[in-house]
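Asker: Kindly produce the complete structure, drawing on both the sequences and the hints.
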Amino acid sequence: MSEAAVSTVETSEESVPRPKETWRRLIQGDLASLRVVIGLALIWAIFQFENDRFLSAQNLTNLMLQITAIGLISVGIVYVLLLGEIDLSVGAVSGLAAAVMAVLNVKHGWNPYLAIAAAVAVGMAIGLLQGSLFSRFAVPSFVVTLAGLLAWQGALLQVLGSTGSINLTDPKITGLANTFYSDTVGWIFAAIVIGGYGAVLFLGHRRRVAAGLDSESLAGLVVRFGLVAVVTIVATTVLNSDRGVPLALLILLAFVVGMEFVVKRTGFGRHVFAVGGNAEAARRAGIRVNGIRVAVFGIAGTMAAIGGIMAASRLLAVNQNSGGNELLLLAIAGPVIAGTSLFGGRGSVWTALMGALVIGSISNGMDLLALSSAVKFMVTGGVLLLAVLVDAVARNQRSASGRV
Amino acid sequence: MSPGAPLLQLEGVSKRFGPVQALDRVDFSVNAGEVVGLVGDNGAGKSTMVKTIAGIHAADEGTIRFDGNEVSIAKPQDATGLGIATVYQDLALCDNLDVVANLFLGREEVSSGLGTASRQLDEARMEHETGELLSNLAVTIPSLRSEVGTLSGGQRQQVAVARSLLGEPKVVLLDEPTAALGVAQTAQVLNLIRRLRERELGVVVISHNLVDVFEVADRIFVLRLGRPAGDFSADATTEEHVVSAITGIGSDGEKKNGIEEELQAENAESGEEGR
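Keeping their order, the protein sequence lines are chains U and D. Here numbering that gives the first Met the number 0 is used: the first residue of the first sequence is 0, the next is one more, and so on. Here numbering that gives the first Met the number 0 is used: the first residue of the second sequence is 0, the next is one more, and so on.
These are calculated hints, taken from the structure and not from any lab test. You may find that some hints are simply not true.
Derived SDA-like pairs (lysine to any residue); straight-line CA-CA distance at most 20 Å [what the hints assert, rightly or not]: (1) U:Lys263 with D:Arg106; (2) D:Lys169 with U:Leu315; (3) D:Lys74 with U:Val288; (4) U:Lys171 with U:Arg287; (5) D:Lys169 with D:Asn41; (6) U:Lys263 with U:Ala294; (7) U:Lys106 with U:Leu59; (8) D:Lys74 with U:Gly285; (9) D:Lys169 with D:Gly17; (10) D:Lys169 with D:Arg64; (11) U:Lys171 with U:Leu113; (12) U:Lys263 with D:Ala123; (13) U:Lys263 with D:Ala116; (14) D:Lys74 with U:Glu279; (15) D:Lys74 with U:Arg282; (16) U:Lys171 with U:Ser181; (17) D:Lys74 with D:Ala57; (18) U:Lys171 with U:Leu64; (19) D:Lys169 with D:Gly32; (20) D:Lys169 with D:Gln76; (21) U:Lys263 with D:Met125; (22) D:Lys74 with D:Arg106; (23) U:Lys263 with D:Ser145; (24) U:Lys263 with D:Gln119; (25) U:Lys263 with D:Pro168; (26) U:Lys263 with D:Ser117; (27) D:Lys74 with D:Pro168; (28) U:Lys171 with U:Arg242; (29) U:Lys263 with D:Lys74; (30) U:Lys263 with D:Thr115; (31) U:Lys263 with D:Gly54; (32) U:Lys106 with U:Leu156; (33) U:Lys263 with D:Arg124; (34) U:Lys171 with U:Leu246; (35) U:Lys263 with D:Glu108; (36) D:Lys74 with U:Lys171; (37) U:Lys375 with U:Leu59; (38) U:Lys263 with U:Val199.
Answerer: If you want it as structure tokens, here you go:
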């Protein structure tokens, strides 16, 4: 979506859409966000056809709660993928951070906010450590974080101690994933989202016109504004007709929007893209490449911790399985499915949200159909493979047609 | 700028790598508004000389004067600080970023007002400045927002040259700017070099292609085995003279295009083919 903000300008002025051209863009990833929206619509249609409870307000609210943790972890993964690196430790880090929070809060009686802050700090410190090892010693990030995956898993067991499971009772912590707002408050949030988006569009348009640059046609702006407004209103209506807008969804959205702003609109984000695209060029342009790398792994660790806290809050407990199972792989698969390249330098934080929605929908839908986990894993694996193949094809076509 | 003195002047500059004398008491100068073609066979010391001026290797002996003042160039920042910009053969562009982002890479402009606190990039201003710079240079790029990876080799070269101008340099060093370019693209790049001259910049062009050098250079400076082997006015000499200075033997008209590596790995030669 915000990727579109950059690319639509040229799109609107240079191309009269032709079917073949549109198809090429769809494949090559210029329209990756449209690709995933179509995929999601297809998935929803299939599951709704098979079970008409799928698109009920209650199930959609559940879906939002289910994707929060994965989506938050994926936000950090997007940054790592933009560098062309990988972080295999985020699952284990999320579990460890949640355990730290639980132990400090439940066993040591820490103030819940302090416990949460400590957990986030642990995640950030781990990320910075792994990033430093990776950039200082030029060890592949794959190996550093694989070691991390094992080590932090061990640390999780150590922190939990003999009990193996800690139940969370503090309302401040459990409230993170179990708070729903009243209809009025929900509509206020919706108004803020719509108004904020409109203001960003309008101000951006005015700035471009003031600078004497081509700007998107007013019609294009209105269409984009209309789309966001409609999605926001529909989502709010649906959520309000069940338990209300969940705090967890707002937390996820806030991080997605904030981190998308950082990566697309700030110098730091620009440098992340540059290092992912051509580290040598970035170095010669005076960018501190290793600093960027350490910071990005720090972000991944931080987001993993935040995701782990949300998962624990939803489960009302931390146990030896926290952050385990397929969480790591799904958190990496999500952004890739939604169009962030594994090869670095291409993607957006929105793919964390869209990917989590796709994966969450598949998982949720198959649960509704009471399919076995055997089928779930195979289907999710198939979707991931398909997405990676599309990414690879897009990359090959770019390099084949890119240079004239 | 003191009138009369060359913009950039090397006096007796030497550089040695172990047993190899890469540059041996080289005197060289370039004036404002002048294009100097730097030619020589592989291993003649062209790249070493450019890297010495650009601050990649410090000279072992000799003096470098800039605007008439003696200066010391020990690291790349010294050279850029003086106003010496270098465009290397592998261009160092990020293919995944658009033209504006590449031009401003490492020197992004931040919005004023509310944007300052959040370090928001001022895309509108950067795009505006990019458009002005490129149109001043008569560089035509289909869209400033197209990814650099989708541009042709000539366009990429022009973007790289334009980027070097953002720091308002006085001297621009171009390493093989027309290597691996087609006829039309070469013409575009040569036109761009002429426009740099119109802007009163001192331009040093390294090239293997004597046709291109004769087309654009005012002066042709020949290096052979690290020694100056000729300094010709482009109007008053012929290709044969230059070739014989390059090879050190009577004019046989044969252009030497051997591919032995220079001492300082000119590994970028093939980089042009990659992405």
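Asker: Confirm or reject each hint.
Answerer: Status of each hint after checking the structure:
1. U:Lys263 with D:Arg106: Cα-Cα ~16 Å, so holds.
2. D:Lys169 with U:Leu315: With Cα atoms ~66 Å apart, Lys169 of chain D and Leu315 of chain U exceed 20 Å; violated.
3. D:Lys74 with U:Val288: holds, 18 Å
4. U:Lys171 with U:Arg287: Answer violated: Lys171 of chain U to Arg287 of chain U is near 40 Å, above 20 Å.
5. D:Lys169 with D:Asn41: Violated, at about 28 Å.
6. U:Lys263 with U:Ala294: holds, 16 Å
7. U:Lys106 with U:Leu59: violated, 35 Å
8. D:Lys74 with U:Gly285: The hint holds at about 13 Å.
9. D:Lys169 with D:Gly17: violated, 33 Å
10. D:Lys169 with D:Arg64: holds, 13 Å
11. U:Lys171 with U:Leu113: holds, 11 Å
12. U:Lys263 with D:Ala123: Holds: Lys263 of chain U and Ala123 of chain D sit about 14 Å apart, inside 20 Å.
13. U:Lys263 with D:Ala116: With a Cα-Cα distance of about 16 Å, the restraint between Lys263 of chain U and Ala116 of chain D holds, given a limit of 20 Å.
14. D:Lys74 with U:Glu279: holds, 17 Å
15. D:Lys74 with U:Arg282: holds, 14 Å
16. U:Lys171 with U:Ser181: Holds - the C-alpha atoms of Ser181 of chain U and Lys171 of chain U are around 18 Å apart, at most 20 Å.
17. D:Lys74 with D:Ala57: At roughly 7 Å apart (the allowed maximum being 20 Å), Ala57 of chain D and Lys74 of chain D satisfy the hint.
18. U:Lys171 with U:Leu64: Holds - the C-alpha atoms of Leu64 of chain U and Lys171 of chain U are around 17 Å apart, at most 20 Å.
19. D:Lys169 with D:Gly32: The given pair, whose Cα atoms are some 9 Å apart, holds under the 20 Å limit.
20. D:Lys169 with D:Gln76: Within the cut-off at roughly 15 Å; holds.
21. U:Lys263 with D:Met125: holds, 15 Å
22. D:Lys74 with D:Arg106: Holds, at about 19 Å.
23. U:Lys263 with D:Ser145: Status holds; Cα separation ~16 Å.
24. U:Lys263 with D:Gln119: Distance ~9 Å between Lys263 of chain U and Gln119 of chain D Cα, so the pair holds.
25. U:Lys263 with D:Pro168: violated, 29 Å
26. U:Lys263 with D:Ser117: Measuring from Cα to Cα gives roughly 12 Å; hence the hint holds.
27. D:Lys74 with D:Pro168: Given pair Lys74 of chain D, Pro168 of chain D holds - Cα atoms ~16 Å apart, limit 20 Å.
28. U:Lys171 with U:Arg242: Holds, because 19 Å separates the two Cα atoms, which is no more than 20 Å.
29. U:Lys263 with D:Lys74: violated, 32 Å
30. U:Lys263 with D:Thr115: Answer holds: Lys263 of chain U to Thr115 of chain D is near 15 Å, not above 20 Å.
31. U:Lys263 with D:Gly54: Violated, at roughly 33 Å.
32. U:Lys106 with U:Leu156: holds, 15 Å
33. U:Lys263 with D:Arg124: holds, 16 Å
34. U:Lys171 with U:Leu246: holds, 12 Å
35. U:Lys263 with D:Glu108: Distance ~14 Å between Lys263 of chain U and Glu108 of chain D Cα, so the pair holds.
36. D:Lys74 with U:Lys171: violated, 55 Å
37. U:Lys375 with U:Leu59: Status holds; Cα separation ~19 Å.
38. U:Lys263 with U:Val199: holds, 14 Å
In the structure shown, a violation is registered for the earlier hints numbered 2, 4, 5, 7, 9, 25, 29, 31, 36, in ascending order.
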